[in-house]
Every structure is written in structure tokens, then in C-alpha cells.
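Q: Sequence:
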Amino acid sequence: MISQEVAICTPKGFKVRPVTKYIKTCRSMKSEITLSCKGKSCDSKSPSGLMSLALENGDIVTLSVNGTDAEKNFPILLDLLQKVGQ
Numbered sequence: 001m002i003s004q005e006v007a008i009c010t011p012k013g014f015k016v017r018p019v020t021k022y023i024k025t026c027r028s029m030k031s032e033i034t035l036s037c038k039g040k041s042c043d044s045k046s047p048s049g050l051m052s053l054a055l056e057n058g059d060i061v062t063l064s065v066n067g068t069d070a071e072k073n074f075p076i077l078l079d080l081l082q083k084v085g086q
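Following the UniProt record's numbering, the numbering of the sequence shown begins with 1 at its first residue and continues without gaps.
Everything labelled a hint here was simulated from the structure, so no lab data went into it.
Just so you know, these numbers come straight off a predicted model, no measurement behind them.
All C-beta atoms, glycine included, are put in the ideal place defined by N, C-alpha and C.
Do not take every clue at face value.
Claimed, not checked - Calculated pairs, DSS-like style, for lysine-lysine (alpha carbon to alpha carbon, straight line, at most 30 Å):
{"hint": "1", "residue 1": "Lys-72", "residue 2": "Lys-30"}
{"hint": "2", "residue 1": "Lys-21", "residue 2": "Lys-38"}
{"hint": "3", "residue 1": "Lys-40", "residue 2": "Lys-15"}
{"hint": "4", "residue 1": "Lys-45", "residue 2": "Lys-24"}
{"hint": "5", "residue 1": "Lys-21", "residue 2": "Lys-72"}
{"hint": "6", "residue 1": "Lys-40", "residue 2": "Lys-24"}
{"hint": "7", "residue 1": "Lys-72", "residue 2": "Lys-24"}
{"hint": "8", "residue 1": "Lys-83", "residue 2": "Lys-45"}
{"hint": "9", "residue 1": "Lys-12", "residue 2": "Lys-40"}
{"hint": "10", "residue 1": "Lys-83", "residue 2": "Lys-72"}
{"hint": "11", "residue 1": "Lys-15", "residue 2": "Lys-45"}
{"hint": "12", "residue 1": "Lys-24", "residue 2": "Lys-83"}
{"hint": "13", "residue 1": "Lys-72", "residue 2": "Lys-40"}
{"hint": "14", "residue 1": "Lys-83", "residue 2": "Lys-21"}
{"hint": "15", "residue 1": "Lys-45", "residue 2": "Lys-72"}
{"hint": "16", "residue 1": "Lys-83", "residue 2": "Lys-38"}
{"hint": "17", "residue 1": "Lys-24", "residue 2": "Lys-38"}
{"hint": "18", "residue 1": "Lys-15", "residue 2": "Lys-30"}
{"hint": "19", "residue 1": "Lys-12", "residue 2": "Lys-45"}
{"hint": "20", "residue 1": "Lys-38", "residue 2": "Lys-72"}
{"hint": "21", "residue 1": "Lys-83", "residue 2": "Lys-40"}
{"hint": "22", "residue 1": "Lys-15", "residue 2": "Lys-38"}
{"hint": "23", "residue 1": "Lys-15", "residue 2": "Lys-83"}
{"hint": "24", "residue 1": "Lys-24", "residue 2": "Lys-12"}
{"hint": "25", "residue 1": "Lys-12", "residue 2": "Lys-38"}
{"hint": "26", "residue 1": "Lys-30", "residue 2": "Lys-40"}
{"hint": "27", "residue 1": "Lys-12", "residue 2": "Lys-83"}
{"hint": "28", "residue 1": "Lys-83", "residue 2": "Lys-30"}
{"hint": "29", "residue 1": "Lys-45", "residue 2": "Lys-30"}
{"hint": "30", "residue 1": "Lys-21", "residue 2": "Lys-40"}
{"hint": "31", "residue 1": "Lys-21", "residue 2": "Lys-45"}
{"hint": "32", "residue 1": "Lys-15", "residue 2": "Lys-72"}
As the list claims (entries may be wrong) - Listed next, with one range per pair, are the computed distances between beta-carbon atoms:
{"hint": "33", "residue 1": "Lys-15", "residue 2": "Asp-43", "range": "14 to 20 Å"}
{"hint": "34", "residue 1": "Lys-15", "residue 2": "Asp-79", "range": "18 to 24 Å"}
{"hint": "35", "residue 1": "Pro-11", "residue 2": "Thr-68", "range": "34 to 40 Å"}
Taking the hints into account, I'd like the entire structure generated from these sequences.
A: So this is what it looks like as C-alpha cells:
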């Protein structure tokens, strides 16, 4: 498993459009992908789970990726979270 903290960069918050882009990317991967923030965690392939985190610009989340393609996909997801609002 690979884990790292990352700051969410989305001036308007982690709303429907950025969540949809992130979920599509996660669903294309075989790994188990989890986001944790403010004492909550969720499956990154779940729209309702991600929305329940109520992430805002500047929030620090922990991205965890576990699976056969984790090493390949972790940098992609990390970059996406850092630039999701751009």
C-alpha cells in the first residue's frame, strides 16, 4: 500500500465536476483507492462517499492506493488531486 498526504487544490470546493473526473479515473484502475480527511474515509470510486467528505480547497487528505497497479497509478491520482480544480 502507498499512502501520502496531499492538499486539495480546488478554489470552488470538491463539488460534482471535480468529483466526477476523479471517480472516472479511479474506476479505470484495479487498485483499492481510499481518501481520508477530518476523521472520515471513503472508497474513492464511490460518489456518495467522496461527497460525504465535504472536501474544500486547501483540505489535507490522505490518499491510499493498494493493489497490483498501485505504484503505476499513485502518481496519477496524486497529481489529479493537486490539480483537480484547475
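Q: All hints are to be evaluated individually against the structure, with a verdict given for each.
A: Hints, one by one, checked against the model:
With a CA separation close to 11 Å, the supplied pair Lys-72 and Lys-30 stays within the 30 Å bound. As the CA atoms of Lys-21 and Lys-38 are separated by approximately 22 Å, the hinted pair is consistent with the 30 Å bound. Of the pairs offered as hints, the one joining Lys-40 and Lys-15 holds, with about 17 Å between alpha carbons and a cut-off of 30 Å not exceeded. Between Lys-45 and Lys-24 the alpha-carbon distance is near 8 Å, which keeps this suggested pair within the 30 Å criterion.
Among the hinted pairs, Lys-21 with Lys-72 is consistent with the structure: their alpha-carbon atoms are about 19 Å apart, no more than 30 Å. A distance of roughly 22 Å separates the Cα atoms of Lys-40 and Lys-24; the hinted pair therefore holds under the 30 Å criterion. About 17 Å separates the Cα atoms of Lys-72 and Lys-24, which keeps this hinted pair within 30 Å; it holds. Distance hint between Lys-83 and Lys-45 is fulfilled; the C-alpha atoms sit about 18 Å from each other, no more than 30 Å.
Between Lys-12 and Lys-40 the CA atoms are separated by roughly 21 Å; this keeps the pair inside 30 Å, and the hint holds. Between the alpha carbons of Lys-83 and Lys-72 the distance comes to roughly 18 Å, so the proposed pair stays at or under 30 Å and holds. For the given pair, Lys-15 sits about 15 Å from Lys-45 by alpha-carbon distance, which is consistent with the 30 Å threshold. In summary, the hint linking Lys-24 to Lys-83 is supported, as the alpha carbons are separated by about 15 Å, within the 30 Å threshold.
Distance check on the hinted pair: Lys-72 and Lys-40 sit about 26 Å apart at the alpha-carbon level, within 30 Å; holds. A distance of roughly 11 Å separates the Cα atoms of Lys-83 and Lys-21; the hinted pair therefore holds under the 30 Å criterion. Distance hint between Lys-45 and Lys-72 is fulfilled; the C-alpha atoms sit about 18 Å from each other, no more than 30 Å. Between Lys-83 and Lys-38 the CA atoms are separated by roughly 21 Å; this keeps the pair inside 30 Å, and the hint holds.
Distance restraint check for Lys-24 and Lys-38: the Cα-Cα separation of roughly 24 Å lies within the 30 Å cut-off, and the hinted pair is therefore satisfied. This hinted pair checks out: Lys-15 and Lys-30 have alpha carbons roughly 24 Å apart, not beyond 30 Å. A distance of roughly 21 Å separates the Cα atoms of Lys-12 and Lys-45; the hinted pair therefore holds under the 30 Å criterion. For a cut-off of 30 Å, the pair hint linking Lys-38 to Lys-72 stands: about 27 Å separates their Cα positions.
As the CA atoms of Lys-83 and Lys-40 are separated by approximately 22 Å, the hinted pair is consistent with the 30 Å bound. Our distance criterion of 30 Å between C-alpha atoms is met by Lys-15 and Lys-38, whose separation comes to about 17 Å. With a C-alpha separation of about 14 Å, the suggested pairing of Lys-15 with Lys-83 holds against the 30 Å cut-off. Straight-line distance between C-alpha atoms of Lys-24 and Lys-12 comes to about 20 Å, which keeps the hinted pair within the 30 Å bound.
About 19 Å separates the Cα atoms of Lys-12 and Lys-38, which keeps this hinted pair within 30 Å; it holds. Taking the CA atoms of Lys-30 and Lys-40, the gap is near 23 Å; set against the 30 Å cutoff, the hint holds. Proximity of Lys-12 to Lys-83 is assessed by CA-CA distance (about 12 Å); at most 30 Å being required, the pair is judged to hold. The straight-line distance between the Cα atoms of Lys-83 and Lys-30 is roughly 22 Å, inside the 30 Å bound, and the hint therefore holds.
The straight-line distance between the Cα atoms of Lys-45 and Lys-30 is roughly 11 Å, inside the 30 Å bound, and the hint therefore holds. For a cut-off of 30 Å, the pair hint linking Lys-21 to Lys-40 stands: about 21 Å separates their Cα positions. Of the supplied pair hints, the one linking Lys-21 and Lys-45 holds, its CA atoms being roughly 11 Å apart against a limit of 30 Å. Our distance criterion of 30 Å between C-alpha atoms is met by Lys-15 and Lys-72, whose separation comes to about 26 Å.
Lys-15 and Asp-43 have their C-beta atoms about 19 Å apart, which keeps the hinted 14 to 20 Å range intact. The beta-carbon spacing between Lys-15 and Asp-79, approximately 20 Å, falls within the hinted interval of 18 to 24 Å. Judged by the Cβ atoms, the range 34 to 40 Å given for Pro-11 and Thr-68 holds: they are separated by roughly 35 Å.
Hint check: no violations occur; every hint is consistent with the structure.
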